[in-house]
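Visitor: In case you want the letters, here they are:
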Amino acid sequence: MSRAAAPRGRTSLAPSVAFTVLALILSVGAYVIAGFGKRGQLPATFALYVTIFAAGYAGALVVTRAFAPRADPALFPTAAVLVGLGFAMIFRLSGGLAAEQATWIIVGLLAYALTLIIVRDARMLDAYTYTIGLLGLLLLLLPVAPGIGRTINGARLWVQIGPIGFQPAEIGKVLVVIFLASYLTQKRELLQVATARIGPFRLPPAKHLGPVLLAWGASLAILFLQKDLGASLLYFGIFVVMLWVATGRAAYLVIGLILFMIGAYAGWLLFDHVQLRVDIWLHALDPGKVFAQGFGQLAQAEFGMASGGIVGTGLGQGSPGLIPFASTDFIFAAIGEELGLLGTTAVLLLILVLVGKGLRVALHAPDGFSTLLAVGLSTLVALQAFVIIGGVTRIIPLTGVTLPFVSYGGSSLVSNFVLLGLLVRVSSGPMAPRERSRRLGLFERAEAERVGGSERVGEA
Amino acid sequence: MDRQIRKLGIALLVLFLIAFAQVNYIQVFAADRIAEDPANAQRQLIAEYKIDRGSILAADGTTVLASSRKSPGALRFQRRYPHGELYAHETGFYSFVFGRTELEQSYNDFLTGDAAELLPQTLTDLVLGRPKQGATIVTTLVPEIQEAAATAAQAEAGDVAIAAIDPATGDVLALVSEPTYDPNPLASQDPEVVRDSWDELNADPEKPLLSRSSDELFPPGSTFKLVTASAALENGFGPESLWPNPNELDLPLTDATIENFGGSTCSGGSQITLADALRQSCNVVFGAVGLELGADKLAAQARAYGFTAEAGEDLVPFDIPWTSGVFPAPETFEGRDPAVAISAIGQQDVAANPLQMALVAGAIANDGVEMQPRLVTEARDPSGRVIAEFQPQEFSQPLSPENSAALTQMMVGVVEAGTGTAAQIPGVTVAGKTGTAQHGEGENPHAWFVCFAPAEAPRIAVAVIVLDGGSLGSEATGGQVAAPIAKAVLEAGLGA
Chain P
1 MSRAAAPRGR
11 TSLAPSVAFT
21 VLALILSVGA
31 YVIAGFGKRG
41 QLPATFALYV
51 TIFAAGYAGA
61 LVVTRAFAPR
71 ADPALFPTAA
81 VLVGLGFAMI
91 FRLSGGLAAE
101 QATWIIVGLL
111 AYALTLIIVR
121 DARMLDAYTY
131 TIGLLGLLLL
141 LLPVAPGIGR
151 TINGARLWVQ
161 IGPIGFQPAE
171 IGKVLVVIFL
181 ASYLTQKREL
191 LQVATARIGP
201 FRLPPAKHLG
211 PVLLAWGASL
221 AILFLQKDLG
231 ASLLYFGIFV
241 VMLWVATGRA
251 AYLVIGLILF
261 MIGAYAGWLL
271 FDHVQLRVDI
281 WLHALDPGKV
291 FAQGFGQLAQ
301 AEFGMASGGI
311 VGTGLGQGSP
321 GLIPFASTDF
331 IFAAIGEELG
341 LLGTTAVLLL
351 ILVLVGKGLR
361 VALHAPDGFS
371 TLLAVGLSTL
381 VALQAFVIIG
391 GVTRIIPLTG
401 VTLPFVSYGG
411 SSLVSNFVLL
421 GLLVRVSSGP
431 MAPRERSRRL
441 GLFERAEAER
451 VGGSERVGEA
Chain S
1 MDRQIRKLGI
11 ALLVLFLIAF
21 AQVNYIQVFA
31 ADRIAEDPAN
41 AQRQLIAEYK
51 IDRGSILAAD
61 GTTVLASSRK
71 SPGALRFQRR
81 YPHGELYAHE
91 TGFYSFVFGR
101 TELEQSYNDF
111 LTGDAAELLP
121 QTLTDLVLGR
131 PKQGATIVTT
141 LVPEIQEAAA
151 TAAQAEAGDV
161 AIAAIDPATG
171 DVLALVSEPT
181 YDPNPLASQD
191 PEVVRDSWDE
201 LNADPEKPLL
211 SRSSDELFPP
221 GSTFKLVTAS
231 AALENGFGPE
241 SLWPNPNELD
251 LPLTDATIEN
261 FGGSTCSGGS
271 QITLADALRQ
281 SCNVVFGAVG
291 LELGADKLAA
301 QARAYGFTAE
311 AGEDLVPFDI
321 PWTSGVFPAP
331 ETFEGRDPAV
341 AISAIGQQDV
351 AANPLQMALV
361 AGAIANDGVE
371 MQPRLVTEAR
381 DPSGRVIAEF
391 QPQEFSQPLS
401 PENSAALTQM
411 MVGVVEAGTG
421 TAAQIPGVTV
431 AGKTGTAQHG
441 EGENPHAWFV
451 CFAPAEAPRI
461 AVAVIVLDGG
471 SLGSEATGGQ
481 VAAPIAKAVL
491 EAGLGA
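If you read the sequences in order, they're chains P and S. Counting in the working numbering, the first sequence tops out at residue 460, every number present. Counting in the working numbering, the second sequence tops out at residue 496, every number present.
Every clue listed holds true.
The following label-pair restraints were derived from C-beta to C-beta distances:
(1) L128/S / Y128/P: 57 to 63 Å
(2) D199/S / V311/P: 37 to 43 Å
(3) A250/P / L128/S: 58 to 64 Å
(4) D2/S / T131/P: 26 to 32 Å
(5) Q42/S / L190/P: 55 to 61 Å
(6) H439/S / V311/P: 58 to 64 Å
In short, the hints are calculated from the structure, not lab data. Just so it is clear, the structure is predicted and the values come from calculations on it, not from any experiment. For glycine and all other residues, C-beta sits at the position ideal for the given N, C-alpha and C.
Given the sequences, and given the hints that come with them, work out the whole structure.
Guide: Structure (structure tokens):
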């Protein structure tokens, strides 16, 4: 397997600053327009929120330059535009929610900075394979625990400890991806060996199939215990994709797909709420059905997006308040109503850029673990975005997950910022140990700049 | 792993392309169909309530019949009707729950600013970020006449409906129906208030939401003799043509007879003129006129005045939904000669309302030319510029100018020395016709009066109906109950 040399040397400052400033302008601009659309004047919270965005993005830029100097300059700004767009939409829906989201943006940016500061080298994480795996599993299953688990909106996703409520699965997802990257890096050679043949596919020995079945079982457990269709689909999808990327065996994709179909069919047979979801998906706009229990939210989402048309009603000019969960699961529809096809296309493109950048990071990562980590994190963002966008637009049955970086919600936003921090870390490569750079001194730095510079020209 | 990563990239790209295609489908290709789903009415209404909806003004251009003002509630603008009940049947209401009616509905495009004439204004508002402003529409209703009509109607204990038009233009000067309703609660932003008001109005046995002056139909009784007389004149029977004057008319094929009002014999001998018969409202004579002319000619004359063969066919266009008068198709009279005679005196199969009868009077007053009723003259943009003018339109010519002059003189006779003396106005020549319409065994008759003035150069035509005889009950006649109300409206019209 050929591997590109790890990029070295600082990327030039200009693109980072330019992209970050652009992200700031877009975020603040959308928010100000939402303010005018809502009340016809500059929002009263203008100074506060502009300060938060300006200081937050500038701070993130400084930390990125200091701790991940070779990072891809577009990664953070792309996510920042999504965050800003989401914030403007949330502000437009509710000033109170916006205040909370602003707080979570601050916490998220701190989490991003801490991730870069603490994780100096992505390979650090490779050392704690099973600790991280267990922790991830624990977080995923925490809501099921009696006493602290809470069922909200039909899914058991919340944990309440004292006054603090959160969705542990959000950060759990990131930990699971780290675990899988680490585990698969260690086991990939074993899993690549094919002994048995089934039709055109060569399969690894049965004992190595164990993990696939285990992951499938875990996904089903999530579906059964937490009634969370979306998360179940997401985990299994990520696992299969990472397994396939790690081993290069298409057989895993086929087996995964078959297992998924069995699981989905079983879920449909066993659970009324899964059947209802499918029914809503197929018949959301049928006459007479629109006012039936459960159908209204998807119908309202379609109405909103259709009313928005190509250019949208303008921020503050539509009625996204009619869409249930407009600030969380359905924020894509709310954006569609007020910013139109232009807005939804922008969201799709931004996520695509983020995911594409993430995969590019994977291609350029210096080691197998980092590569798989970047693949997993990118796939997580892509699949989660597709699950909710596809659900809202009726490509697939709706399952409630947040739209990464855009939706309202603390757990989701903070986890996504941690995820972004890890991607930025991988893209920048490990921090050079200080004593090493001091010892080798000028020579290495000069060489790094020469090599890095020539390599990076095309990208900046 | 690189190969897989590249394939993964392509797979995810395809996934997002599918999403992009679907978003295009929802927001572009199927957008209109989805957005116009009836279940999306709420969103459409919220959007509409963001518009600074145009006002509805009286003919003077200053009296406000309906306007919008900023509201602190969830909906940005609140519709209000400063005169409450007075113009309710013309403006209609604008309700968040029950939609729009009357002018609020029929001129919605102008009021919301969606009419093509308003496009430059709408684009300016859009660019400047101002709320969209609708056009103001100016009606033909004259506050003095409308108020006088409403006052006169309220003074009468029974239900009253009045229509007043300008014969030369068809302008509706007043349109009043008692009982009426207040549209303000229906335009409330509180759904509870709206529903309570709606339930109350619909449960009311008086049916205040219905306009008796233009929505409902009643037998026109003797006022329909104007149509029968028109047919006689147009078919060569002059005002001085002589007709037999027995005390009752034997109807062919039956034992039934037609009697004059109260069973009396009209004065003037064994033969009387058509003019004399109209002055005294002789049923016996007009029944005979009807039989002489036949169903074809009567129906053709009624059609020329705007009566339709069946209720609900809109023959005469109007700015708000209305029901024109009904005179059945001639073939329905085949083998039913008695029905022809009875229809000629405005009973049985014939039906009308004050607006229809005002149109008849207006045509007689306007040299035989019937104008379409007009309720709206122009639309103005928010800066006051006139963006659309609605010209008077001729509907038909039911009478020659000579015959209209003759019929006018016959109607002057009714008021000077006939059944309609109660409508006399000192110094003004009034032309009129009374009617006392039976409508069912044991029911008190409807009292009618149809008139215009001044007879030499008519400026206003009025039709009044007092339902079920009003305060006089079974003793009521059009001359006693309806004529004084019509007189009050004429006076207001001539003074205005």
